[in-house]
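Protein chains in written order, with UniProt numbering: chain A, 1 to 317; chain B, 1 to 265; chain C, 1 to 437.
No wet-lab data here; the hints were simulated from the structure.
Honestly, I wouldn't trust all of these hints.
Said to hold, decoys possible - Incomplete in silico selection of chain B near chain C, CB under 10 Å:
(1) Asp124
(2) Ser154
(3) His157
(4) Ala163
(5) Ile165
(6) Thr229
As the list claims (entries may be wrong) - Which residues of chain B face chain C? A few of them, derived with a C-beta cut under 7 Å, are:
(7) His92
(8) Trp203
(9) Val206
(10) Ile209
None of these values were measured; they are calculated from a predicted model.
Here a beta-carbon is modelled for each residue, glycine too, at the ideal position from N, C-alpha and C.
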Amino acid sequence: MSTQLTPVVPAPDHQDERPPSGRGFSSLGGRRSLTGWVFLLPAALLILVMNFWPMFQAFILSLQTGRGAQLSFAEPLWFNYQRMLADQTFWMTLRTTLLYLVIQVPIMLVLALVLANILNNPRLRFKGMWRTAIFLPCAVSLVSYALVFRTMFATDGLVNDVLTGMNLIDSPINWLGQTQTAQFVIIIGLLWRWTGYNMVFYLAGLQNIDHSTIEAAKVDGANAVKTFWYVTLPQLKPMILLTAIMSTNGTIQLFDESYNLTAGGPAYTSMSVSHYLYEVSFVQNPNFGYAAAISYVILVIVALLAAIQLKVGDKRD
Amino acid sequence: MRSVPSLVFLTVAALASVFPLYFMVVSATNTSQDVLGSRLLPGGQLVENLNKLLAAQDLGAAMWNSTLNAVGTTALSLLVCSIAGYGFEVFHSRNKDRLMGVLLLAMMIPFAATMIPLFRMFADFGLTSTTIAVILPAISVPFIILLFRQAARSFPHEIVEAARIDGLRELGIFLRIFIPTMRSTYAAAAVVIFMTAWNNFLWPKVILINEAFQTMPMLISNLTSGYVTDYGVLMLAVLLTSLPTMVLFLVLQRAFAQGITGAIK
Amino acid sequence: MRKKMTLASVAGVATITLALAACGGGSGSNDGGGGGGDDGDDQTLTVWAWDPAFNVYAMNEAATIYAQDNPDVTVEVIETPWEDIQTKLTTLAQTGELEELPDIFLMQNNAFQKNLINYPELFTAITDSGIDFAEFPESVVAFSTTEGDNYGVPFDNGAAVTALRTDILAEAGYTIEDFTDITWDEFIANGEDILAQTGKPLLSGTAGESDLITMILQSTGGSLFDADGNPTITDNDALLQAIDVYTRLVESGVLVEVNSWDEYIGTFVNSNVAGTINGVWILGSIQTAADQSGLWNITNLPSLDGVGEATNYSANGGSSWVVSSNANTELAADFLGATFAGSTEFYDTILPSSGAIANWIPASESDVYAEPHPFFADQPVFQLAVEFGAQVPSVNTGAYYYEGRDAVSAAITNILNGADPESALAEAQATVEFAMQ
């Protein structure tokens with residue numbers, strides 16, 4: 001798993017471009033190599049202690065059952081995992097989370113890509129203003145944006161007023177009170193908050209593209225769309241891969257929007273699987289063994305999806 | 001791509017992005033009743049709301065706690081992650097690549113799963129309700145290490161060579177040459193870390209048992225926990241909570257963009 | 001040499017780290033949040049409560065009154081939202097760090113059994129502490145009692161009230177009397193008439209929440225759980241009838257469903273509906289609409305005719321004080337006994353400014369409770385609330401209250417979308433049974 005994941009780094013393609021002398025550093029002797037390891041030590045140690053060790057303990061926990069804090073090993077050991085198979089709510093929240101993933105991530109990345117491309121136009125004026133406006137949502141804290149969105153999507157709120165004003169709907173929509181519309185509001189919320197963030201990455205990627213390749217395509221008579229598709233996009237691939245993996249990871253672990261925006265409702269139908277994990281731990285009768293088992297399933301899904309994305313990303317090389 | 005439609009699209013996107021923020025600002029100047037009625041014009045309630053907020057909550061303490069947590073996290077995280085990213089690149093080896101892969105796995109661990117074991121660990125060391133307990137889990141972030149590692153790739157290796165010949169020690173090269181050269185990468189990383197740390201909610205809420213350590217997001221949640229919520233006051237608190245991160249981004253945005261650009265070369 | 005420098009850098013990080021730790025510890029953090037009860041001589045009570053205008057305020061007032069006779073005792077209230085208290089209690093119990101507990105904490109009545117059964121190690125029984133629990137309504141004491149032992153001192157009253165706008169009623173030719181001691185059938189008939197004449201629905205509620213249904217259910221003496229804590233969601237006639245009432249309310253337009261709590265408050269604060277049914281604590285939110293002063297009245301709930309006890313009384317919410325297992329038990333119990341369970345003076349002090357209505361029955365005999373309230377057209381609303389509270393049927397919420405409530409909420413959503421009530425409830429029952437495995 002770990003070695004597969006190494007290429008998450010978008011740059012392995014560039015390794016050959018490294019000056020030949022670069023390789024020479026590590027061969028200069030054990031002492032220098034040791035210095036390198038010492039440089040990594042604080043970061044690696046912290047991740048080990050703050051992430052991997054608790055995760056290992058969570059694994060032990062996932063094999064336990066019991067009421068409250070009185071936990072003992074389950075019989076059979078995989079009881080909590082077995083329980084998950086029969087848990088309708090778990091499957092529903094997992095399906096909902098995957099739905100968010102499948103709909104929101106592609107839309108967001110395409111939007112971000114289009115916006116980045118527009119902003120990259122050298123003739124565009126007030127670039128800083130546009131970029132700021134579109135990025136600013138991700139500086140806002142989650143509680144605040146949840147509140148603003150809840151007010152805007154209220155039954156007698158702004159969104160309904162505008163839609164009825166434009167004669168698009170006859171009667172106000174109860175946005176957060178129905179399954180599909182509540183899921184829609186979560187997706188809109190995610191798009192609002194994260195499109196700008198991804199756009200900045202694409203913008204950065206675009207600025208690194210060799211402009212002469214684009215000029216060359218133009219000379220060959222390719223139009224703007226074709227140039228974008230055949231020249232710009234392939235060069236952005238490492239960046240797209242990076243944002244795709246980050247967004248997938250973020251969406252599978254989605255908690256805040258589900259918790260703050262819709263509170264998972266109505267009837268659990270907009271709840272994300274991470275939010276369900278929290279419910280199981282802190283709202284319902286606490287079942288930490290089961291919650292830990294759910295977290296392992298989330299971990300495996302994220303890792304699998306990352307691996308798939310990397311495979312697909314590599315193939316197109 | 002440079003036609004009228006793309007400009008229209010850009011305008012719509014920008015307005016959609018900014019509108020909720022406008023609503024937030026306007027609501028901070030309105031009464032609770034007006035906020036619930038979706039009033040979109042500024043009101044004259046700002047001072048009143050501020051007075052109510054100051055009377056109800058220790059705003060200064062929460063701002064200070066949030067600042068201490070976020071600045072502390074940012075400073076330590078920048079140091080630890082950048083030296084690691086630098087180490088991964090400049091002392092590149094196959095095994096270090098493998099280690100990086102393993103570290104990236106940490107990105108995939110849902111926090112809700114590790115929270116209880118993590119709490120137990122800090123409690124065992126008697127570190128509940130301490131700033132250090134808030135900061136420590138947030139210092140080493142795989143994504144930030146990655147960012148620095150990519151940025152270090154564009155750091156001319158000739159400079160490292162030359163510095164070594166000049167007799168500079170490895171740490172000296174990092175501190176005196178790498179850090180000043182990579183200012184924009186540091187700015188980009190600082191924005192990301194600071195925002196995450198400032199808005200962090202779940203972990204501080206669990207580990208800070210003593211509410212004297214209350215942070216701004218916790219203060220907001222306090223405002224909504226009673227039987228009666230004053231939405232004008234709440235929106236003001238929300239605005240004050242969002243201001244530092246927004247200002248930081250506005251100040252650093254040029255460097256931020258450059259930093260991200262540099263990192264992905 | 002080089003190695004030494006790198007080590008120095010690590011040491012540098014460690015130093016900053018330690019400095020920050022010192023920073024944290026410097027403010028006396030490590031013992032500030034926890035109870036000081038371990039020490040027998042300690043005369044400080046640490047308390048967790050969440051509403052500065054309400055229970056935090058009440059606790060501080062109680063401290064002032066207690067200090068008159070016990071000048072050495074100080075009370076330190078730490079404002080903590082309920083969700084945070086729940087998270088902290090769970091975390092502390094789960095990690096066994098009970099010494100971080102305060103002496104006293106406030107708990108939502110609905111969550112009491114869940115915590116008591118899962119984490120008994122957080123609580124201290126106060127059955128024999130001298131507090132007379134018979135002076136509280138039986139239905140309220142039931143929340144904090146298990147196997148005959150008392151674990152909580154009830155604080156605020158959750159008695160359900162129907163609050164209505166008299167001006168809108170008058171417009172359609174109704175008075176508050178027309179809504180007193182009535183049945184749901186009459187309520188819906190009146191509501192349809194008022195809606196037709198004034199265009200205003202009588203009620204509003206958050207879609208997908210079952211508060212009103214559980215209130216109706218409790219008014220009949222029914223619950224989602226039997227006395228042994230087993231779910232009784234299927235074959236529960238009262239529940240079916242309550243859901244039927246709710247469906248009719250929604251379909252007739254007498255109750256308008258909204259998205260969220262904020263929006264629910266907005267509906268009556270902005271005069272979009274003519275009233276609301278909830279725990280008496282909702283009066284606080286109603287009074288934020290200063291322009292509606294004098295236009296409100298309260299009365300009891302409609303009854304579910306022909307089902308169970310069919311009373312006009314129910315409850316929603318409310319909270320109780322808990323003496324933690326880390327407390328200076330004697331002091332904490334004495335403190336609660338002398339104030340929340342024994343001082344008319346105390347309740348008289350907190351009532352006018354906070355609207356915190358007592359569960360302690362002797363408090364309602366005071367003149368302060370009988371005073372007319374100008375916002376509610378000079379009705380003595382506080383006295384009414386206590387009277388209502390004393391007549392609420394006692395039911396078992398059980399440890400799985402939240403699971404039951406959520407499952408029933410899901411069922412209601414499905415029923416309103418056209419699902420068959422009986423099969424939707426069977427599904428809810430199965431969900432709760434699964435959770436209890």
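Status of the hints after comparison with the structure:
no.	hint	verdict
1	Asp124	holds (8 Å)
2	Ser154	violated (23 Å)
3	His157	violated (18 Å)
4	Ala163	violated (13 Å)
5	Ile165	violated (15 Å)
6	Thr229	holds (7 Å)
7	His92	violated (17 Å)
8	Trp203	violated (11 Å)
9	Val206	holds (5 Å)
10	Ile209	holds (4 Å)
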